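Enquirer: Now for the letters of each chain:
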Amino acid sequence: MKSLRRIMLVEDNLNDIDLTLAALEEHHLANEIVVARDGAEALDYLYSRGKFAGRDDGPPAVILLDIKMPKVGGLEVLRQMKSDPALSALPVVMLTSSREEPDLAASYSLGANAYVVKPVDFQQFVDAVRQIGVFWAVVNEPPPRNAIK
Amino acid sequence: MPLRDLPIRRKLILLLLLTSAVVMLLMRVTFFTYEYLTFRRETIRQLSTLGEVIAANSTAALAFDNQDDAREILTALKANRHLVAAALYDGSGKFFAGYPAARPVTAFPAAPDGEGFHFEQSYLSGFQPVTQRERRLGTLYLQLDTGVVMREWLWGSLQIALGLMAVIVGVAYLLSRALQKQVSQPILALAETARAISERKNYSVRATKLGDDEIGRLTDAFNQMLDEIQALNRDLERRVVERTAQLEAANKELNRSRAVFESIFESLPGLFLVLKPDLTIVTASDAYLKATMTTREKMVGQNMFEVFPDNPAEPDATGSSNLRASLERVLATGATDNMAIQKYDVRRPDGVYEERYWSPVNSPLLGVDRRVEYLIHRVEDVTDFVRQKPVQNGDPDAMRIKLEQMEAEIFQSSQKVQASNQQLRSANAELEAFSYSVSHDLRAPLRHIDGFAGLLGKSDGKQLSERGRGYLAHISDSARQMGTLIDDLLVFSRMGRSEMNLGPVDLRQLADETVQTIKRQEAAERKIKWELGALPVVHGDRPMLRQVFVNLIANAVKYSRPREEADIEVGLFDEPEEWVIFVRDNGVGFEMQYAQKLFGVFQRLHRAEEFEGTGIGLANVRRIITRHGGRTWAESVVGSGATFYFSLPKNPGIKT
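Residue numbers (the working numbering), protein chains in the order written: chain A, 1 to 149; chain B, 150 to 805.
No lab work stands behind these hints: they were computed from the structure.
For clarity, every value in this text was computed on a predicted model and none was experimentally measured.
Honestly, I wouldn't trust all of these hints.
[Claimed, not checked] Partial list, derived from the structure: chain B residues whose beta carbon lies under 10 Å from chain A:
#, residue
1, R592
2, L595
3, D599
4, G600
5, L604
6, S625
7, A628
[What the hints assert, rightly or not] Here chain B is said to cover these stretches of chain A; the calculated rule only asks that three of the stretch's residues, wherever they fall, bring their Cβ under 8 Å from a Cβ of chain B:
#, segment
8, 6–17
9, 87–101
10, 114–127
[To be verified] Partial list, computed: chain A residues near chain B (C-beta under 10 Å):
#, residue
11, A22
12, A23
13, E26
14, I67
15, K68
Virtual Cβ for every residue (Gly too), placed ideally from N, Cα, C.
Required output: the full structure, derived from the provided sequences and hints.
Expert: This is the structure we're talking about:
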């Protein structure tokens, strides 16, 4: 049986974190969830540095990445990940309130694997999070370990 | 000199001489051959005669076997110095006696061999039988040296031949000299005539015909050719005369029209001065001459600034330097230059300067290569105008100061316009940033409200009263509705901001696509009678125009929902300047007094419980059509349907 893969959520807003975790819980997706509160923290985690130094549990199966965050924004995190061969294979799903065309265009051109606009309707939001979780953390085969440092 | 370059006369003489020499030579060879053969025959005959005589004399000596007699007889042959050897043989063929006596026996032929004489190299030798009364007594041998004889004969013959040849060639030369004239004379005469014509160009000269042979015919042809040349020449001369006359007439006409134009120019009711690019004066209008108190003769060809110097009494005058700068600008740019009013002091013939105010305009006259060929300097004398103006303190510079003030004001207001443009740009950028944050920041709390209301309902819903649960539902509904409003507002703002992507758009195709989409969605279970008329292809932004059809047709479907069978028609009025497209339904309609409100943002004429919607669709339609340079309006009768119109200009000058 497959071991449950880790999902990483990069989100600055506590309400959104709560709602996302609630949505995942609702579908009994018991995967381990790591939360980073901004882009800088996300990069520290991915590179196992700062307060994550010495971490050796490998990369997450998928990263749910907000765009508008303090310090380092989601697009910058995406740019750094996709331009680093060690992280570029990691699936990244943009999960954001923005439907603006420039954000969409920038995300895809930087190499985002998916782009999901958070619906206002909670039920729709729950459905969206569930589908992302099920697809990327259960259905989808992640890249092999040796493709990621 | 090669033969072909010799004069004809020499050629003819040489020809005749050569011919007679060759004929002569051939004749000599024939003669010589004949004489040679005759000579040989004669020699043989003479030798046989001699042989017969000797043989007759030798019969006794042979018959009596007397060798001494025989030797004596043979000795008599001495008389013939060319006879080199002779011998007698007896009847049995044995050597009997020889001559000369000293010649050894072995030098003679051993025995007679045949009869008759033969040439053998340069000798003639042979045997002759000696007989008496049919009885053969013996044989005589004779050998004659013919070499010397032959040489003597040949030498004589050659001398005769050479002598004859000399005489004949001499005679032939004299004859040919006299006769060649018959042939060469007419040719030379013809050549001389041709040379004379080509040198003197006198085509009336004719060659003299000297005979009716080929040369005579050549002379005829030559003369005929001369006739034609003469005729052509005459025709050409006539035409030159005609053409010259025409040219002179044209020239005269040109001069006349030039004079007319000059006088038109000179009498123009304006002050005009025409300059070359080096600023020398070409001409001036009479008005200009009058205003400057000078004459045309005094200025044409002169440099303008020498003719019109600054007033020496006013060293600070700027008129000339301003004018020079303006003319140089025209030369540099090739464009007309309007000057501000200038003060010029005009020098009167008596040397006194008169104060004048002129408003000059300098324009270029461009040649075919777009280079400035002439400068036209036109001035308006505004002296009276300036003087009449109530000028403060009587200061003549006040006008200039005023002008400068005006220029400064214009400059300031253009600065202001630029500043407000800048403000507009930054306001636009702010709007951009605002809509971004509306999209992102305003939606987030709404999502949270709905999310936590949902979570609350799930976790503690059972402990809430019926009313409490209703409140929760209202919270969710309101949040969702506000989300929709924000989304619509964003679309509306994007419609106004986004760049237009213009191209040909087939409206009929757009309408078809829209109807198909709507049929698949909400209208699937509805009974709708569609009527789509012909629609034009227009110049516009395709996605925007699609939005127009989507909104109008969706509205028609929505507001005809209460009807058993909906009638929806899309059609066209072809107006002279514009296309007018309409979407008509038989729905609930609206009251005409609110028609203008329809196209405002969030303006609704129905309650949300009756017909859903945020009231942004028609505002979008109006915004899109306005950006295409068209108009929007609507008509309706309450209860029996509505018609929405929009127009698109046929000749669009679309503002984007």
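Enquirer: Please go over all the hints and tell whether each is borne out by the structure.
Expert: Okay, the hints, checked on the actual structure:
{"no.": "1", "hint": "R592", "in the structure": "holds (5 Å)"}
{"no.": "2", "hint": "L595", "in the structure": "holds (5 Å)"}
{"no.": "3", "hint": "D599", "in the structure": "holds (4 Å)"}
{"no.": "4", "hint": "G600", "in the structure": "holds (4 Å)"}
{"no.": "5", "hint": "L604", "in the structure": "holds (6 Å)"}
{"no.": "6", "hint": "S625", "in the structure": "holds (7 Å)"}
{"no.": "7", "hint": "A628", "in the structure": "holds (6 Å)"}
{"no.": "8", "hint": "6–17", "in the structure": "holds (count 3)"}
{"no.": "9", "hint": "87–101", "in the structure": "holds (count 5)"}
{"no.": "10", "hint": "114–127", "in the structure": "holds (count 8)"}
{"no.": "11", "hint": "A22", "in the structure": "holds (6 Å)"}
{"no.": "12", "hint": "A23", "in the structure": "holds (8 Å)"}
{"no.": "13", "hint": "E26", "in the structure": "holds (8 Å)"}
{"no.": "14", "hint": "I67", "in the structure": "holds (8 Å)"}
{"no.": "15", "hint": "K68", "in the structure": "holds (5 Å)"}
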